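J.: Which chain is which? The protein sequence lines are E and U, in order.
Following my numbering, the numbering of the first sequence begins with 1 at its first residue and continues without gaps.
Following my numbering, the numbering of the second sequence begins with 1 at its first residue and continues without gaps.
What the hints contain is simulated information worked out from the structure, not anything from laboratory work.
Take these hints with a grain of salt, some might be off.
Said to hold, decoys possible - Below 25 Å or equal to it, Euclidean Cα-Cα: the simulated SDA-like pairs (lysine to any residue) are:
(1) U/163 x U/88
(2) U/163 x E/24
(3) U/343 x E/158
(4) U/163 x U/335
(5) U/163 x E/68
(6) U/76 x U/13
(7) U/76 x U/218
(8) U/163 x U/343
(9) U/343 x E/167
(10) U/343 x E/59
(11) U/343 x U/294
(12) U/343 x E/163
(13) U/343 x E/159
(14) U/343 x E/24
As the list claims (entries may be wrong) - What follows is a list of derived Cβ distance ranges for each label pair:
(15) U/210 x E/165: 42 to 50 Å
(16) U/369 x E/4: 34 to 42 Å
(17) U/398 x E/102: 39 to 47 Å
(18) E/71 x U/378: 48 to 56 Å
Model, not experiment: these values are computed from the prediction.
Every residue gets a Cβ at the ideal spot worked out from N, C-alpha and C, and that includes glycine.
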Amino acid sequence: MELVVFVLASAMMLIGAVGVITRSNPVHAALSLVLTLFGVAVHFVALEAYFLAAVQIIVYAGAIVVLFLFVIMLLGVDKAENLSAEPLVAQRWLAGVAGLGLLGLLVVAVARGADVLATRAGGLDTSAEAAGGDANIQQLARSVFGDYVVAFELTSVLLVVAVVGTVMLARRRAAGDA
Amino acid sequence: MLALDPMLEGEVLWTPLIIVVLKVLVVFVVGLVATMLMVWFERKVIAGMQNRIGPNKAGPFGLLQTLADGIKLFFKEDLLPRRSDRFVFALAPFLSFVPAFLSFAIIPLGGDYRDGNDGIVTWFGVETRVQLADPHIGVLFALAISSIAVYGIMLAGWSSGSKYPLLGSVRASAQMVSYEAALGLSLASVILISGTLSTSGIVAAQSTLTDWHVVATGIVPFVIFLVAATAELNRPPFDLVEAEQELVGGFNTEYSSIRFALFYLAEFMNTVTMSAMIVTLFFGGPQPISYGGVTLDIPLIPNGLEGTVWLLGKVLVFLYIYVWFRATLPRLRYDQLMDLGWKVLIPGSLAWFMLLAVQRLARNEGWNVFTTTAAAVVVLGMCYALLQAAFSMSNRTREREGAQF
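Here chain U stands alone, though its shape is the one from the complex (with noise of 0.2 Å):
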């Protein structure tokens, strides 16, 4: 009932049930496992970037390094503060770990979608897909785990009864509900383009180079896309909410142990899940690179395995962005954060949409698509000067009462 695919069409049979079972398992060890390494990349990226040499001692080239932090969280003592709230200080870490892992449902993760196909797989007789669940509302999915995450850092930061973490959750739901806008606008640009909301069929959507919707939207809203998901997931530049040099450490200052290693965990698979999000989303996901009729292939690997190895390159390329944004670019202050979201991004891709959507028109109804696109750029033009002069307008006025701010 709650999902596309195909396998669960029908009257419920063993098969399928241990398919689901063993999907739901093997998601969630890749993604503890991909979370482990995640941490380790990291460090090691960052550690190269500074010139260091980053972990190096527990196994091989310190890849165990996160194991062995993990099992030291495990035995540390569990405080729980006297003025906390109790019952959601208990409640708040697993608000932001389930979440984390709910997303990484919906990504496909594999499958041929080569040559029209559409990513369906046979495993033991069973039409399946290569992900754990395909809802109808696809993406919206994601948009609502994502605004549920909002929850976890907000209800950490009040319930510790201390003056930094609330601090730091205040910033966090003002910022994570400012960029969650942009967010779902650059996300409907992407929706235009493929006309649906299912994640495979956004996926199936992109077969050529030029069908990838990087391209297909116009770069713009990829770039809105990234700069909005990292204010999300409350990655550098925008980890207003645990600056360490301004609120000692943001909203976990009062958690210790499993309930710390929790919010770690959520952090570092956020990064992951929103990394395959972008490119499910722009880049094709497991699509190999294909344009003018050649397509590259991965020798040696069945057509079925190889939109894994796409998906795990890509994957990696967007992490490494990550860690890249974090070691070189410094915070930005809190104004500025506001300026950027409000003033800048959600105008931006709610233009860039609206462009699309009259150059869509326009194809439909048989328009001449330049004379519409040129109409719609001088009035969004006309938009953009009237914004302007409301910003400059409100500028002096607050210089004139003196506000400080």
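So that you can see chain E by itself, here it is in the shape it has in the complex (with noise of 0.2 Å):
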């Protein structure tokens, strides 16, 4: 049943991720990263962690994707892109070289997870009947606001400065037109 489970979503996973690069349209290639990060809040469910599978679907394909088509109607570049030209010399060739690097990295990584998770039993204790079905928020909370709670108010802070960036810049270019 689980192996059912985990084949199924990372099907999913793979044929999203595949339609995000291959779709020449836009909008297709946004609905297939839903596709894919569907099969991401499958597999939370799938590992019992209910509450970040909720959490990636109404941040990532609630907000996120839906303000990436938002974008791609509103400036109507809903249209196949002329993939012959190329902005940034060399860039093929290096985006190949990085990607090769990231498949190593998480290659490696893999690997050494599996000699960790093999001799090490531990992590989070999210099994449903602790503390009556709630344990993964609970547990989830005392991370981010107990342990993490410096790092939580800076990447907030973060994201506000973003915000206020976004918005200044915006602005400056607007006031030099007029």
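Once you've looked at the hints, go ahead and assemble the two chains, each given alone in its own frame, into the complex.
T.: Shown next as structure tokens:
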């Protein structure tokens, strides 16, 4: 049963991921991305991380990709791009190198992670019985608002800075045009 | 694995399996019939408010009018616009229809919650709940589903390859994403008070009238939730998505036949589901009205069934309120819509949540609740003043730059 769920969810993710980079229509690519995100959510559910699964869908599928689509529709860039033009010199070559490097890192991480997992049983206790099914949420809350509260707050500051910066940049250009 | 339902623990047996299949069937059929009746109800009530008669030919009181309309839609020609994106055009109605039914699955439809019972009933020797599923994440599931529902409307407008539907869907996505934040934040107050995410737990926490979350959270989260839910449903006065005077018909202009019927069905199904959601979150769901040890008991009906009757009654009140909104309130302008969402509802729900959280903290730590609340109110008042200063500042800047909006 677990294997079936794993294979199906992974297939969803892979098909989606391939779709994102192969579809030339931006809207279709965004929809493929949604499929991938759903696959991740299914994986989370299978790992009994219900809260993460819900947040995955609410935040990524429900807000971020909707914003992508919103921008695509608003700017009217829903046409196939001409792929023969290369804005940066040698960017394809560099992308290939970077991709291979990332793949190598991932393989090493998984190989080492398997060793660690085999020798050490532990991590968060997310079994549904602990704390009447709310174990996920309680432990996440302790981590985020307890152990890692500084990092959490710094991240929110970073986001605010990004938003304010975006608004400032957008407004300055508008003022320059006028 | 996926449900808190006591029936699904242990190995899978035949009786629980059949009960689950029956539940799915009943929820589906009840959903469809409720939608059919809701369309009739809305037309009839609006007709009453406008001094008309409304549908009165098909069946007794015109009850079968929706059925006749549905059959007519099935037999119409299914048009596919030439400039449409075929796959997405076909997909969109389902993305709108399926979420409408999914969120109905987590609403407790009955069961005995009085006297501290947890709503578990025994059918054919199996303990279960009168709801299709009771996931751990409960109301978050509903939020996730409602955020998926945006896709149906958005993609329908885009894939039509036509101007007005596109305008409608751009409006829809902006509106639904904006109001989802307010919806989630007002929900947070309910979760803070009840201490659980599961819908059955939220219902069980509202055993007396003062425990109903509309009272326990103060009335503010309920009002915000009602307004945000109306906007999320794209119902009047927030129906800019399909403003027929401006956009022909909005996102579904190019749709006909069964695909249009699916959108129509999803819209009314969402109204029913959202009313049931409001009742579950703020008005005790299937709980009877009970105050100071006195419980209003409907005679002759066993307690297990009585919950369903109470739920039905409460949901009908909210359905009537939605129809009433539509009949009386004029549509908002687009900037009013965005101002209401971002400048009133989101800060309001956030401030109210902070206030409730501070009170909870004060009670846990043994501080004086009144002093703490007063201090929190002062701080929030300062935040409000800052916010107002920012708004007036940005208004002045806009006027100086000669912006038109």
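J.: For each hint, tell me whether it holds in the structure or not.
T.: Each hint tested on the structure:
1. U/163 x U/88: holds, 17 Å
2. U/163 x E/24: holds, 22 Å
3. U/343 x E/158: It holds: about 23 Å lies between the C-alpha atoms, which stays within 25 Å.
4. U/163 x U/335: Since the Cα atoms of residue 163 of chain U and residue 335 of chain U sit roughly 21 Å apart, the hinted pair holds (cutoff 25 Å).
5. U/163 x E/68: Roughly 20 Å between the alpha carbons, so the hint for residue 163 of chain U and residue 68 of chain E holds.
6. U/76 x U/13: With Cα atoms ~45 Å apart, residue 76 of chain U and residue 13 of chain U exceed 25 Å; violated.
7. U/76 x U/218: violated, 50 Å
8. U/163 x U/343: violated, 30 Å
9. U/343 x E/167: holds, 17 Å
10. U/343 x E/59: holds, 22 Å
11. U/343 x U/294: violated, 42 Å
12. U/343 x E/163: Measuring from Cα to Cα gives roughly 17 Å; hence the hint holds.
13. U/343 x E/159: holds, 20 Å
14. U/343 x E/24: violated, 39 Å
15. U/210 x E/165: 42 to 50 Å: holds, 48 Å
16. U/369 x E/4: 34 to 42 Å: violated, 53 Å
17. U/398 x E/102: 39 to 47 Å: holds, 45 Å
18. E/71 x U/378: 48 to 56 Å: violated, 41 Å
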